[in-house]
Amino acid sequence: MSYTSREAFFAFRRSPLLTALSILTIAFALYTLSVFGLVWLNIERVLADVEERVEVVAYLEDGAEPGDTSVLVREVAAYPEVDSIAYVSKDAALERARTDLSEYSELYSDLEENPLPASIEIALKPGYRRSADVEDVARRVARFPFVEEIKYGEEWVEKLDFLQNLSLFLGVVVGGIFAGIAFVSIGATINMVMISRSEEIEIMKMVGAATGFIARPFVIEGFTKGVLGAVLALALLTATFETLQQRVLTLEFYAPIQLVLGVVLGGCLGAIASLLSLRRHLRSW
Amino acid sequence: MIRFEHVSKEYSRTGFALKNASFHLRKGEFMFVTGPSGAGKTTLVKMVTMEERPTSGVVRVSGYSSESIKRREIPLLRRRLGVVFQDFRLLRNRTARENVAFVLEVTGADTEQIKPRVLRTLAAVGLSDKADRLPSELSGGEQQRVAIARALVNDPFVLLADEPTGNLDHRIALDVLRVFKDINLRGMAVVFVTHDRSLLEHHPGARIIELDEGRIVGDSAAEEDPAA
Ligand SMILES: Nc1ncnc2c1ncn2[C@@H]1O[C@H](COP(=O)(O)OP(=O)(O)OP(=O)(O)O)[C@@H](O)[C@H]1O
Ligand SMILES: [Mg+2]
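From first to last, the protein sequence lines stand for chains R and H. For the first sequence, our numbering begins at 1 and goes up steadily by one. For the second sequence, our numbering begins at 1 and goes up steadily by one.
Think of the hints as simulated: they come from the structure by calculation, not from any bench. Since the model is a prediction, treat every value here as computed from it, not as a measurement. Where hints are given, some of them may not hold.
[Claimed, not checked] Residues from chain R that face chain H, not an exhaustive set, calculated with beta carbons under 10 Å:
(1) SER2
(2) TYR3
(3) GLU200
(4) GLU202
(5) ILE203
(6) MET204
(7) LYS205
(8) MET206
(9) GLY208
(10) ALA209
(11) ALA210
(12) THR211
(13) GLY212
(14) PHE213
[To be verified] With a cut-off of at most 20 Å between alpha-carbon atoms, the simulated PhoX-like pairs for lysine-lysine come out as follows:
(15) R:LYS205 / H:LYS46
(16) H:LYS70 / R:LYS205
(17) R:LYS125 / R:LYS151
(18) H:LYS70 / H:LYS46
(19) H:LYS130 / H:LYS115
(20) H:LYS27 / H:LYS181
[Claimed, not checked] Taking CB as the label site, the calculated pair distances span:
(21) R:PHE10 / H:ASP110: 24 to 30 Å
(22) R:LYS125 / H:ARG71: 57 to 63 Å
(23) H:GLY63 / R:ARG279: 24 to 30 Å
Think of the CB as a built atom: it goes at the ideal place given N, C-alpha and C, for glycine as much as any other residue.
So here's chain R without its partners, still in its complex pose (with noise of 0.2 Å):
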């Protein structure tokens, strides 16, 4: 067996516990990060599905002349923001109400007076659907001074959008956290290596072992932890997985390349993390 093979796992059967505890915490890292982001890509998916049917409605009073609402209609559709416009009259809206909530039909059957008002529906553009555009056309409609009332769907727009930061924020944060701790394990570790085969890696430098060469197993297994850390955190989200699904609803999941990436990534981090704790060691060759 080669040297590098016979070294790399060297700190698996040293000391296991140390071990399990590095992969374990980069497992717990990958698996908080995956989780949010699960719940980012479901809320965007929910987003886009509501962005579809972002509109504005303006209201207008009922003694708005036929002139005021074609001026409003003409200025409302130069905005950029605005991909298309409908004014629909009072007796439309009515018909529209009797068609749609056929069930209280009577209702509005005999009515004396039309009580809906006339109102201009706002399309936006795509790229102007999120709630910060929209209020702000909300905003600029509602200066026309026969417009009573605007409606947008802004409650909805805002709570799915700080869910959605908050997701994000919750991810970097708490698996940050995980990956700080297994850093540490992992700088531990080699340490706890270091020490036990100072005899060796002392005998290393005074023949001439390339630096590489003496930390290409520690990288190695650095990298073979994070890969395992990566894995059961698949397992994890998975399990986590089938039983929102069951649970709940159709949720989306991580594409499969996306899920290959994510293991790359834990490997890397594996990598990375002894480098670093390596780097000290290093230095005084």
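Go by the hints and put chain H with the ligands onto chain R.
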């Protein structure tokens, strides 16, 4: 080969370990370095291996200079040196053969060549019949021979030995000195560090450098070759 040009080494806490030392070790030369404890003998060896850099002056070894050598070149330099220590520094859980082979394994030697080279080198130090023993199953003198074989196996141009007989009885020390002389006869330069002056008379032809408090106070070859 090896050239020291006005080399001084000052440690911030303990002062000068080496002061204005100049000498030139020629190809195939046998050189004793002697002097009392604390004279700077080990410091001199560490300068050659570039474990330590001079505070002033220049150390030149085999085409490398202490002024310009890059960190990643140091392993390459060390492959051209063979180093032996007082305390042998063998790996306890490996046999004589494995200890010697270790050098070749970790410096990327051709796998095919490892076995024959190891056996040839063990034969050169007279240990063919004990190749499969662990260090704990060998006498002090035999352990030092394994260490010498390990230093030799990569075909260095010089063998540096820092008190190689310091842990051995006088009689065994003479045996080990004879091994160094044999190797030197085959053309390899030797730097043999010892504070034991009685060894010097057993190799009358060798050059002797005497250190005291970091200064070279005697060099049997100085008249012929005023360094730098
Ligand atoms: N790393 C160091 N830091 C500070 N001082 C040092 C260091 N190494 C050696 N010295 C000092 O430098 C001087 C020379 O030390 P060196 O080890 O070269 O002596 P030596 O001739 O090999 O002695 P010995 O025969 O006891 O081995 C001593 O005074 C020692 O205390
Ligand atoms: Mg010494």
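Here is how each hint holds up against the structure:
1. SER2: Constraint on SER2 of chain R satisfied, holds at 7 Å.
2. TYR3: holds (5 Å)
3. GLU200: Nearest chain H Cβ about 6 Å off; hint holds.
4. GLU202: Constraint on GLU202 of chain R satisfied, holds at 7 Å.
5. ILE203: This interface hint holds because 6 Å falls under the 10 Å limit.
6. MET204: With a closest approach of 5 Å, the MET204 of chain R hint holds.
7. LYS205: holds (8 Å)
8. MET206: holds (6 Å)
9. GLY208: At 3 Å from the nearest chain H Cβ, GLY208 of chain R passes the 10 Å test, so the hint holds.
10. ALA209: holds (4 Å)
11. ALA210: holds (5 Å)
12. THR211: It holds, given that the least Cβ distance between THR211 of chain R and chain H is near 7 Å, below 10 Å.
13. GLY212: holds (9 Å)
14. PHE213: holds (6 Å)
15. R:LYS205 / H:LYS46: Given that 20 Å is the threshold and the Cα spacing comes to 13 Å, the pair holds.
16. H:LYS70 / R:LYS205: holds (15 Å)
17. R:LYS125 / R:LYS151: The given pair, whose Cα atoms are some 17 Å apart, holds under the 20 Å limit.
18. H:LYS70 / H:LYS46: The given pair, whose Cα atoms are some 16 Å apart, holds under the 20 Å limit.
19. H:LYS130 / H:LYS115: holds (15 Å)
20. H:LYS27 / H:LYS181: Measuring from Cα to Cα gives roughly 15 Å; hence the hint holds.
21. R:PHE10 / H:ASP110: 24 to 30 Å: holds (25 Å)
22. R:LYS125 / H:ARG71: 57 to 63 Å: With Cβ atoms ~58 Å apart, the hint holds.
23. H:GLY63 / R:ARG279: 24 to 30 Å: holds (29 Å)
Against the hints set out earlier in the document, no violation occurs for any number.
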